[in-house]
Amino acid sequence: MFTLGMCYFMFNRPMEYTEQYLEKKFRKKPQLIDANKKVLHDGYNYAGNIHAIANTYTVQPAKCEKGIYRNINGNQATAWGLLAAAEKSGDLFSVALILSLQLHLF
786 MFTLGMCYFM FNRPMEYTEQ YLEKKFRKKP QLIDANKKVL HDGYNYAGNI
836 HAIANTYTVQ PAKCEKGIYR NINGNQATAW GLLAAAEKSG DLFSVALILS
886 LQLHLF
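For the sequence shown, the numbering used here gives the first residue as 786, with consecutive numbering after it.
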């Protein structure tokens, strides 16, 4: 939470979404809500007070054309890259790797 608070400062983002998420996730444990919010805000304030971060950045929403998009995470991207490399190399180990990875991807 501390590091997330620092990221919110660096990228000039509002923390309301995370605060709402914490309230929903820990609704039966108000102490955890308060503790997580405190650490989140402490990280934000720390980043603002240490003056080690010279600039803050604003990331504008992407302008995407209408269409169908695929969303993958880093693990999936790595697996797809390994599949492509294995196919290009064509060795026996790579064939086993392709079969193994395909089981996890599909």
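Some hints here could point you the wrong way.
As a list, the in silico BS3-like pairs of lysine-lysine whose alpha-carbon atoms are at most 27 angstroms apart [said to hold, decoys possible]:
no., residue 1, residue 2
1, K822, K810
2, K823, K810
3, K809, K823
4, K822, K809
5, K823, K813
What follows is a list of derived Cβ distance ranges for each label pair [as the list claims (entries may be wrong)]:
no., residue 1, residue 2, range
6, E872, N830, 48 to 56 angstroms
7, N858, N830, 25 to 33 angstroms
8, S885, P799, 38 to 46 angstroms
9, Y854, N834, 26 to 34 angstroms
10, N830, Y806, 41 to 49 angstroms
11, T788, N858, 15 to 23 angstroms
Don't read these hints as lab results, they were simulated from the structure. No experiment lies behind these values; they were computed from the predicted model shown. Every residue, glycine too, gets a C-beta built ideally from N, C-alpha and C.
These are the hints, each one checked on the structure:
no.: 1; hint: K822 x K810; in the structure: holds (12 angstroms)
no.: 2; hint: K823 x K810; in the structure: holds (16 angstroms)
no.: 3; hint: K809 x K823; in the structure: holds (16 angstroms)
no.: 4; hint: K822 x K809; in the structure: holds (13 angstroms)
no.: 5; hint: K823 x K813; in the structure: holds (18 angstroms)
no.: 6; hint: E872 x N830: 48 to 56 angstroms; in the structure: holds (50 angstroms)
no.: 7; hint: N858 x N830: 25 to 33 angstroms; in the structure: holds (31 angstroms)
no.: 8; hint: S885 x P799: 38 to 46 angstroms; in the structure: holds (43 angstroms)
no.: 9; hint: Y854 x N834: 26 to 34 angstroms; in the structure: violated (39 angstroms)
no.: 10; hint: N830 x Y806: 41 to 49 angstroms; in the structure: violated (20 angstroms)
no.: 11; hint: T788 x N858: 15 to 23 angstroms; in the structure: holds (19 angstroms)
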